[in-house]
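K.L.:
Please model the complete structure; the sequences and the hints are all you need to start from.
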Amino acid sequence: MSTTLKPLDQQVIVITGASSGIGLATAQEAAARGAQVVLVARSGDVLEAVVAAIEAHGGTALAVAADVGERAQVERAAAAAIARFGRIDTWVNNAGATIYGRLEEVSEADSRRLFDTNFWGMVNGSLAALPHLRRQGGALINVGSEASELPIPMQGMYTASKHAVKGFTDTLRVEVAAVDGAPVSITLIEPTAVNTPLPQHARNYMDREPTLPSPQLDPHQVASAILTAATTPRRDVKVGVIAMFDTAAQKLLPGLGDSIAALQVPRQRTDAPPENPAGALHAPGGTGRIYGRGAGR
1 MSTTLKPLDQ QVIVITGASS GIGLATAQEA AARGAQVVLV ARSGDVLEAV
51 VAAIEAHGGT ALAVAADVGE RAQVERAAAA AIARFGRIDT WVNNAGATIY
101 GRLEEVSEAD SRRLFDTNFW GMVNGSLAAL PHLRRQGGAL INVGSEASEL
151 PIPMQGMYTA SKHAVKGFTD TLRVEVAAVD GAPVSITLIE PTAVNTPLPQ
201 HARNYMDREP TLPSPQLDPH QVASAILTAA TTPRRDVKVG VIAMFDTAAQ
251 KLLPGLGDSI AALQVPRQRT DAPPENPAGA LHAPGGTGRI YGRGAGR
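Residue 1 is where the sequence shown starts when you use the UniProt record's numbering, and the numbers rise one by one after that.
Calculated directly from the structure, the hints in this document are not laboratory data. By construction, the Cβ of each residue, glycine as well, lies at the ideal position given by its N, Cα and C atoms. Among the hints, erroneous ones may be present.
[To be verified] The calculated DMTMM-like cross-link candidates involving lysine to aspartate or glutamate, where the alpha carbons are at most 25 Å apart (straight line), are: (1) K166 <-> E108; (2) K166 <-> D258; (3) K166 <-> D116; (4) K166 <-> E209; (5) K6 <-> D258; (6) K166 <-> E104; (7) K251 <-> D180; (8) K166 <-> E75; (9) K6 <-> D180; (10) K6 <-> E275; (11) K166 <-> D236; (12) K251 <-> E275; (13) K166 <-> D218; (14) K6 <-> E70; (15) K6 <-> E175; (16) K166 <-> D67; (17) K251 <-> D236; (18) K6 <-> D67; (19) K166 <-> D180; (20) K166 <-> E70.
[To be verified] Computed beta-carbon distance windows for the label pairs: (21) G255 <-> R112: 42 to 50 Å; (22) V179 <-> P213: 33 to 41 Å; (23) E48 <-> V265: 24 to 32 Å; (24) L263 <-> D207: 28 to 36 Å; (25) E108 <-> A56: 27 to 35 Å; (26) T4 <-> S259: 26 to 34 Å; (27) P215 <-> A283: 46 to 54 Å.
P.N.:
Dropping the structure here:
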């Protein structure tokens with residue numbers, strides 16, 4: 001890929017899902033490294049607090065409260081970035097949610113809401129960013145998952161949405177870069193389980209509190225992969241050795257991959273009763289926390 005990307009300290013970066021987890025870690029790291037950062041999420045009060053902390057440490061940031069599932073709100077976030085900084089160099093579609101429960105149990109309303117965030121939020125962000133990135137070059141980075149390439153039982157709708165993210169991203173890359181020759185790097189980030197508040201924010205149909213299987217990545221490892229893709233064009237990036245192993249097993253030995261996936265069912269719940277079954281699927285739930293309860297945090 002011949003696209004040339006700017007150094008981080010010369011970039012304006014928009015990050016969705018920036019009120020917690022991977023998005024928050026990425027925003028803080030980008031600002032610390034000199035980028036001008038636009039933080040987008042539903043939790044406006046949390047974003048304002050994060051921006052205040054970034055600016056107190058000498059960084060430059062802008063908070064935009066928006067639901068990525070609503071195209072008009074995403075367009076408004078892009079317009080706010082242009083109004084404040086004059087351009088967009090990198091757009092990171094990171095906003096995401098999950099649902100714990102068997103596919104036969106999950107309601108249509110919950111499933112559609114998840115797709116509004118995980119899939120349509122990524123589509124809305126991509127289409128809002130592309131006109132700006134095409135003009136002067138830049139990077140579009142979509143955060144998928146190892147679930148983009150393999151099944152995760154008890155998180156079937158999440159898995160389906162991340163497969164859709166991969167399909168859209170791969171096709172968009174061909175259309176924009178290969179067919180049009182536009183100076184836009186389009187990257188899919190595929191981490192394994194990450195120690196973020198995602199399980200605590202999940203819609204939960206189980207009778208136990210959800211968790212993610214260990215070992216879990218530190219969110220800053222994923223943030224580092226995202227920011228590397230913002231400066232060095234990459235097609236896709238598997239983050240974590242387990243993501244590499246799991247996706248390879250699913251491709252080369254799908255029967256074995258299915259058996260490995262089945263073993264994850266009991267590893268996705270704790271012994272504790274559910275604390276907040278509704279989660280943050282239908283309402284803002286940004287906590288301003290990077291880490292969840294995993295890995296001793």
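K.L.:
Given the hint of 26 to 34 Å, is the C-beta distance from T4 to S259 inside that range or not?
P.N.:
violated, 45 Å
K.L.:
K6 and E70 were given as a pair; does the straight-line alpha-carbon distance stay at or below 25 Å?
P.N.:
This hinted pair is violated, its Cα atoms lying about 30 Å apart.
K.L.:
42 to 50 Å was suggested as the range; check whether the CB atoms of G255 and R112 agree with it.
P.N.:
Given about 32 Å between the Cβ atoms, the range is violated.
K.L.:
Would the hint linking K166 and D116 be met if the CA-CA limit is 25 Å?
P.N.:
With a Cα-Cα distance of about 16 Å, the restraint between K166 and D116 holds, given a limit of 25 Å.
K.L.:
Given the hint that K6 pairs with E275, test it: the Cα-Cα distance must not exceed 25 Å.
P.N.:
violated, 44 Å
K.L.:
Given the hinted pair K251 and D236, is their Cα-Cα distance within 25 Å?
P.N.:
Holds: K251 and D236 sit about 16 Å apart, inside 25 Å.
K.L.:
Checking one constraint from the list: CA of K6 to CA of D180, max 25 Å. Satisfied?
P.N.:
Distance of about 21 Å is within 25 Å: holds.
K.L.:
For the pair we were handed, K166 and D180, check the Cα-Cα distance against 25 Å.
P.N.:
holds, 20 Å
K.L.:
Are K6 and D67 close enough, with their CA atoms no more than 25 Å apart?
P.N.:
Violated, at about 28 Å.
K.L.:
If you check the beta carbons of V179 and P213, does the distance land in 33 to 41 Å?
P.N.:
Holds, since V179 and P213 (Cβ atoms, about 39 Å apart) stay within the stated range.
K.L.:
When you check the alpha-carbon spacing of K166 and E108, does it fall within 25 Å?
P.N.:
holds, 22 Å
K.L.:
For the pair supplied as a hint, K251 and D180, confirm whether the alpha-carbon distance does not exceed 25 Å.
P.N.:
Not satisfied, since the Cα-Cα distance of roughly 30 Å exceeds 25 Å.
This entry does not satisfy hints 4, 5, 7, 10, 12, 14, 18, 21, 23, 24, 25, 26, 27, going by the numbered hints stated previously.
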